[in-house]
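Asks: Build out the structure end to end from the sequences listed, making use of the hints.
Residue numbers (numbering that gives the first Met the number 0), protein chains in the order written: chain A, 0 to 318; chain B, 0 to 318.
Careful, some of the hints might be misleading.
Heads up, the list lumps identical chains together, so a pair's fine if it works in one copy or across two of them.
[What the hints assert, rightly or not] List time: in silico EDC-like cross-link candidates among lysine to aspartate or glutamate, alpha-carbon distance up to 20 Å: (1) Lys148 x Asp282; (2) Lys5 x Asp299; (3) Lys5 x Glu34; (4) Lys88 x Glu69; (5) Lys88 x Glu22; (6) Lys5 x Asp196; (7) Lys5 x Asp235; (8) Lys27 x Glu41; (9) Lys295 x Asp7; (10) Lys88 x Glu60; (11) Lys5 x Asp233; (12) Lys44 x Glu22; (13) Lys54 x Glu126; (14) Lys5 x Asp110; (15) Lys27 x Asp110; (16) Lys153 x Asp251.
Since the hints were made in silico from the structure, they are not lab data.
On a predicted model such as this, the values are computed, not experimentally measured, just so you know.
What follows is the residue order along each chain.
There are 2 protein chains.
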Amino acid sequence: MAVYTKVDDQTLNAFLANYDVGEAVSFKGIAEGVENSNYLLETTKSRYILTLYEKRANPEELPYFLNLMEHLEANGIPSPLPIRDKTGKALQKLAGKPACLISFLSGVSVDYPTEMQCAALGAMLAEMHKAGQSFTESRANDLSLDGWKSLAKKTQNRADEVAPGLASEITQEIASLSENWPQGLPSGTIHADLFPDNVLFTGNSITGVIDFYFGCTDMLAYDLAVCINAWCFDQDHNFMPAHAKRLVEMYDAHRPISAAEITALPLLCRGAAMRFLLTRLYDWLNPVEGAVVTPKNPLDYLKRLKFHQQIKDAAQYVV
Amino acid sequence: MAVYTKVDDQTLNAFLANYDVGEAVSFKGIAEGVENSNYLLETTKSRYILTLYEKRANPEELPYFLNLMEHLEANGIPSPLPIRDKTGKALQKLAGKPACLISFLSGVSVDYPTEMQCAALGAMLAEMHKAGQSFTESRANDLSLDGWKSLAKKTQNRADEVAPGLASEITQEIASLSENWPQGLPSGTIHADLFPDNVLFTGNSITGVIDFYFGCTDMLAYDLAVCINAWCFDQDHNFMPAHAKRLVEMYDAHRPISAAEITALPLLCRGAAMRFLLTRLYDWLNPVEGAVVTPKNPLDYLKRLKFHQQIKDAAQYVV
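Replies: Here you go:
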């Protein structure tokens, strides 16, 4: 949530001269995204976000993410569009960092999504999955089973500092997930991190889906499981069934969910809860020096995990 | 350079309902100002900055700053305008913090001001001083002699960690400044912190003067001395006489500088250098926990101070 790399006005003007975007009228660092530096740029022609990718971003993966955004935008999804310079290049180097100018999207992210907004999300997620089917590139989900195992190992010794018994709960759950993790479900390009802060709304209409930097190829229903975790629990981390029902129903209306996917949903939800439990646990135990933001509490996702574990019938998500 | 207080969308919408500013279309935390939380807000009507005043701001002084901005804006200075709600109130409480919605100003701050931009600054500074003459409120400059003495005391024991001999240099200089500090020069409302990052330009035209939170009542020529320090030294902290000449000339063209003010200029410049040397030294020795930004090097201002000390004739600033 900060600007790590400063772009001075001369550097900015030289950079913009490579594009057909007009001249800078306003330029403000914005507190968006945890990992990169972002500027909101207004030019004489339009508005843009300028992103500088900081050290946690793998430069080799950036073309995948930019191509994905471009593909989705071209296929009707309100994704930011990477802007190409006069020579056709989108990925640049600026102030020593990989950088990209992308289109600005209006809208405000919601902190307490309503059922109506969950319905809009379900429709958008399904449309995004359909649009992703024609995207020809692929990228492994490095925050699936193998990634969880690696994070579990890295946090094992200190997990019990956060909650007694947490390390062994994680070990057991990962063993269970490994044994039962679904195979053969419809797969494709997923967002994999579609939290409310990555969706922009005007009222109940979605005007933007942003932050595709966890985008990857995985089971489509896993993306739905991420959304159930991220959108359908209240501030006390209790499940909100009506929210989930609207989300799943509208997803299904736009991309019919198979019986196998429904059956797998509780397990996928446990996996998604595990993913955020583990990354939050790791960040909690390894705070970034100088970070302004307090790490998010991993136990919010332990509570979700326990909820999903006691689900006997997938229909409980869609009652 | 961060957002310390989060404003969720429901809180924002309830807040905006008190105003005649339309509804939120976009809302982004911006990395502006070191001390407060700032959001760039676009509504169906216009664009605004929403500022939440964090703990370093003294709530009792906020009405002065807001009234000053309103006065300057009404008198032709491109200052942000505090927006009044439907009941006429500008200063609010939001998310537990004092807060104010202010008008958004276009323009980009320059990192390496040109001579032309220094000329524009001189004219604007003089106009701001003239507009400030009819502002009836006053506020003591708490970062003048008494403030320096207090900061010198607080940093004395550790100043030599930054540069050997620094503590005694500061003591001597403050003694000299105390003895010779000008009296009876034209006084009025000054900005007192008019660095390049507080001025917005479109090309060579100033479109905004911002961050009035050090505004106070003091000698007008002291404000000019701050600008000489902040705008007329290069990246290696060497004086750029042509920049200073343009700045002072254009100031003089808009508000004639008296002979007494010219004579006092070297001393005022030493004082201004001391002010930034001391606040930077204090921040350097007392880094804010969790701050993203590296404190600025106090020695940049020691170099400026030494330059001003060897000035024999005020005319050297305006050659």
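Asks: Now tell me, hint by hint, if it's right for this structure.
Replies: The hints, checked one at a time:
1. For the homomeric pair Lys148 and Asp282, the shortest alpha-carbon distance inside one copy (16 Å) is at most 20 Å, but the shortest distance between copies (43 Å) is not.
2. Taking the shortest Cα distances, Lys5 and Asp299 sit within 20 Å of each other only across copies (19 Å), while inside one copy they are farther apart (35 Å).
3. In this assembly of identical chains, Lys5 and Glu34 lie within 20 Å of each other by CA distance both inside one copy and across copies; the values are 15 Å within and 18 Å between.
4. Within a single copy, Lys88 and Glu69 get their C-alpha atoms as close as 12 Å, which meets the 20 Å cut-off; across copies the closest is 46 Å, which misses it.
5. When the C-alpha separation of Lys88 and Glu22 is checked against a cutoff of 20 Å, the pair qualifies only within one copy, where the shortest distance is 19 Å, while the shortest distance between copies is 37 Å.
6. In the homo-oligomer, the alpha carbons of Lys5 and Asp196 lie at most 20 Å apart only across protomers (12 Å), although the nearest pairing inside one protomer, at 24 Å, exceeds that limit.
7. Taking identical chains as interchangeable, the C-alpha atoms of Lys5 and Asp235 lie at most 20 Å apart only when they sit on different chains, with a minimum of 18 Å there against 38 Å within one chain.
8. Taking CA atoms no more than 20 Å apart as the test, Lys27 paired with Glu41 passes in both settings, with 9 Å inside one copy and 14 Å between copies.
9. Taking CA atoms no more than 20 Å apart as the test, Lys295 paired with Asp7 passes between copies only; the shortest distance there is 16 Å, against 32 Å inside one copy.
10. When the C-alpha separation of Lys88 and Glu60 is checked against a cutoff of 20 Å, the pair qualifies only within one copy, where the shortest distance is 16 Å, while the shortest distance between copies is 50 Å.
11. For a Cα distance limit of 20 Å, the shortest separation of Lys5 from Asp233 across copies, 18 Å, qualifies, whereas the shortest one inside one copy, 38 Å, does not.
12. In this assembly of identical chains, Lys44 and Glu22 lie within 20 Å of each other by CA distance solely inside one copy; the values are 8 Å within and 24 Å between copies.
13. In this assembly of identical chains, the alpha carbons of Lys54 and Glu126 never lie at most 20 Å apart, being 32 Å within a copy and 46 Å across copies at closest.
14. When the C-alpha separation of Lys5 and Asp110 is checked against a cutoff of 20 Å, the pair qualifies only between copies, where the shortest distance is 10 Å, while the shortest distance within a copy is 29 Å.
15. Taking the closest pair of Cα atoms, Lys27 and Asp110 come within 20 Å of each other only across two copies (13 Å); inside a single copy the shortest separation is 23 Å, beyond that limit.
16. In this assembly of identical chains, Lys153 and Asp251 lie within 20 Å of each other by CA distance neither inside one copy nor across copies; the values are 38 Å within and 66 Å between.
In summary, the structure is inconsistent with hints 13, 16 from the numbered list given earlier, while agreeing with the others.
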